[in-house]
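Undergrad: Work out the full structure, taking the sequences as your base and the hints as a guide.
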Amino acid sequence: MKEKFVLGENLNPRLFISINNEKIEAEKTVMGDQYVFSFENIKACLGFQYTENGFRYTVKLRNEGNEDFSPETLGLDIGIDTCMAKFPDWNDTYFPTFFRCEKSHFYGLLRKPNGEILGVCCKQPIASYSHNYNSKNGINFGHRIYNSKLDFLNCPPLPKHHPINCHTLKAKEVREYVIDFFACTDYENWRVILAETYGLPMIDAVKFTLEKGEHICPVITCNKEYKTTVILPSGAETTDFTAKDYGLYSLEVETADGFSATANFYCRKPFEWYLKSAREEVIDKMPHATTHCESWYGFFSGFLAAQHYPDSGKDEIINNMFQEIMPLCFDFENIKPKLITERVQNVSAFISVLVARYKSDREKHRESLVLASKFADWLITRQGENGAYYRNGTHYTCVIYPAKSMLELAIAEKELSDDEFFKESYLRHYNSAARAINQLRDALDNIETEGEQTFEDGMISCSAAQLGFFALNLPKDQQEDYTKAAEYMIRLHECLEQGVTPDCRARSTSIRYWEAQYDVLLMSNFHTSPHGWSGWLSYAYYYLYLLTAKKEYLIKLMNSLGACVQLMTLDGKLRWAFAVDPYIPVKRRLFKDESDIVKSTYNSGKSTQVGYRGIFKEDVVGEEYIDMISGWYQTDANQKVTGGYYTCPLFLEDQTLRIDNQGGCCDNDVHEIFKCLEETVLKKAFIHQNDDGSFLCYGCTVQKQNDVIIVDLNEFADIVVFSANSNFEALIDGKIHSVRRGINTINC
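Just so you know, we're using my numbering here: the sequence shown kicks off at 738 and counts up by one.
In short, the hints are calculated from the structure, not lab data. Any given hint could turn out to be false.
Think about it this way: if two alpha-carbon atoms lie no more than 30 Å apart in a straight line, the pair counts; the simulated BS3-like pairs of lysine-lysine are [what the hints assert, rightly or not]: (1) Lys840 / Lys907; (2) Lys1221 / Lys1288; (3) Lys860 / Lys823; (4) Lys1213 / Lys907; (5) Lys860 / Lys739; (6) Lys1324 / Lys1221; (7) Lys1354 / Lys760; (8) Lys1213 / Lys1324; (9) Lys1101 / Lys1013; (10) Lys1354 / Lys897; (11) Lys1160 / Lys1111; (12) Lys907 / Lys964; (13) Lys1310 / Lys981; (14) Lys1421 / Lys1101; (15) Lys1013 / Lys797; (16) Lys1111 / Lys1377; (17) Lys1013 / Lys760; (18) Lys1213 / Lys1354; (19) Lys1324 / Lys1377; (20) Lys780 / Lys907; (21) Lys981 / Lys964; (22) Lys1288 / Lys1101.
Nothing here was measured: the structure is a model prediction, and the numbers come from that model.
TA: Structure (structure tokens):
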């Protein structure tokens, strides 16, 4: 560890103070193995020493003045470079995977793609934390995080599990913080070290999202006496761990010596309710014709809901939207995109939308499959000799998932292979997808992404998902190479996911942080977990579970999708994403300007829907849900607009810029969650037999009677996925089924 961390070389801690939205670096003086930071009457002395398996900062913070000091923030940049700029260097770079403040202490970890973990712990209360996202003109447009900061002082508002009274350093007050960084072998080792070495209570669980009637089953690691309290969705306290009502349950653990820990659990509604509600929200927060497919992703929820739960009135509205909006984006006659013609993911997403529309009514919308086949041929023209899909020379196979879209189409075409057109197109499109997947298998993480090159969520999760999807559609004796490649990629991705957070709202979702300015015109970067693109990771979990029968993938799938569906409120209102960062000062965020109404919306929209222009204001957000804006940020009928921040009225200090052709935003990307939900868990129950013979169940309960396993379904399911480590008989919905060792897919 000594050779990896050297103060002044690869460790460069700095002290920053924020006052009136201005970030100021304190003056630093080097005194041997100590740093002294100075800002006006504030002094901080940082001592450094090596420990048995890491290193320690000891920070003494002193107010030498006669007046209290209350900045917006005062914090220590921990000095670890987290910028992941290029292959293969990023595999040996720490990413700030997880930080958490509790009332009594702070803990977290940084992780490298190669699996190395660096834990961090401070047994004194730290007000908050923040990340230094790369920026341009004062706005965080970049795709990288340079470093992270522990904020000893932070003004409110802060999440309720953060410490209180950590905003002001009183006159002559001295505070001391001991911050340990320590090497870990894995997540479990990290928890054990925090609990046993540092005496902190740690909360974990298998299920963070529950079905009604299930029990909250926390795994509390603690080496001292403690008490627990459950806070119900109503706000009342109880000691009953049963999820009797839908909503958020909070668990609080407090030790006898005053250390506390918190966790959140959620009782969800049936999955079918979320897909039906998503269709309602497509109508209320309708797609837009823009340069970006993220603006019309709602068509997935609309058409997939129509496939499973037809509703002639709602389905007609969404089909009318499709017929009005999509011809503004694509030339159906000449088979080419009209907007940003080289943005290949627009075309591949459109192919998947057309397949979904076809499946919603195979007879009525057969022409959608024909159109999808023709646009797939256009996509093939963007395929390189090595099999990858490209945009202007940049590798784009993992920008969303063009190979998966191509394969979704090929599978639908194969069903119609008695038709000569579809027989030929199936072979052509399947071979195109196979070439792209083979390139992913060979390249692994030596690939590229959209925008700024970095080691990022989508590039890795979309590779794993596409490799897994392809493997699953191969004969078993041909799956191994693709499964191994997918597992390799998903292991790299662990540093970019919320794998250890004790918060059901984010558990096992991916970490993204640059989407807000495009999607909801909130001009700041911050961790969004979940975001619509968290669905990409959930696909990968699902495919890998079916391919390997490893329980960890099933658990991650269900916690991840459980977090994702919480973006839908219990009264059916869809939100865009969950902001994980605890304190995000935003210089410009778009709000509804109720004094400025847009004359009309698309002809196919709800007649009562009113559109508004937006106005930029300052705001502070943190550890909260961020609403969609497309329900009110409208454009005029028959208008196409750019996606994201290009079309909003920008209020600057000296002028106001207004653009008439307004209404561009990309918050419809949240509907990827429901596309994923439909493919992976809708109308399915999962039963995994543990090594001790017991069962982990989702969507059902299991009891053993003599030598027969009796399955009671909690929700409607027409498929039970049964992973068994022995052979036995199962009674499901009144019918006996033979279950054999391994993965069984049983049609009820």
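Undergrad: So which hints don't hold here, by number, going up?
TA: 3, 4, 6, 8, 12, 15, 17, 18 and 22
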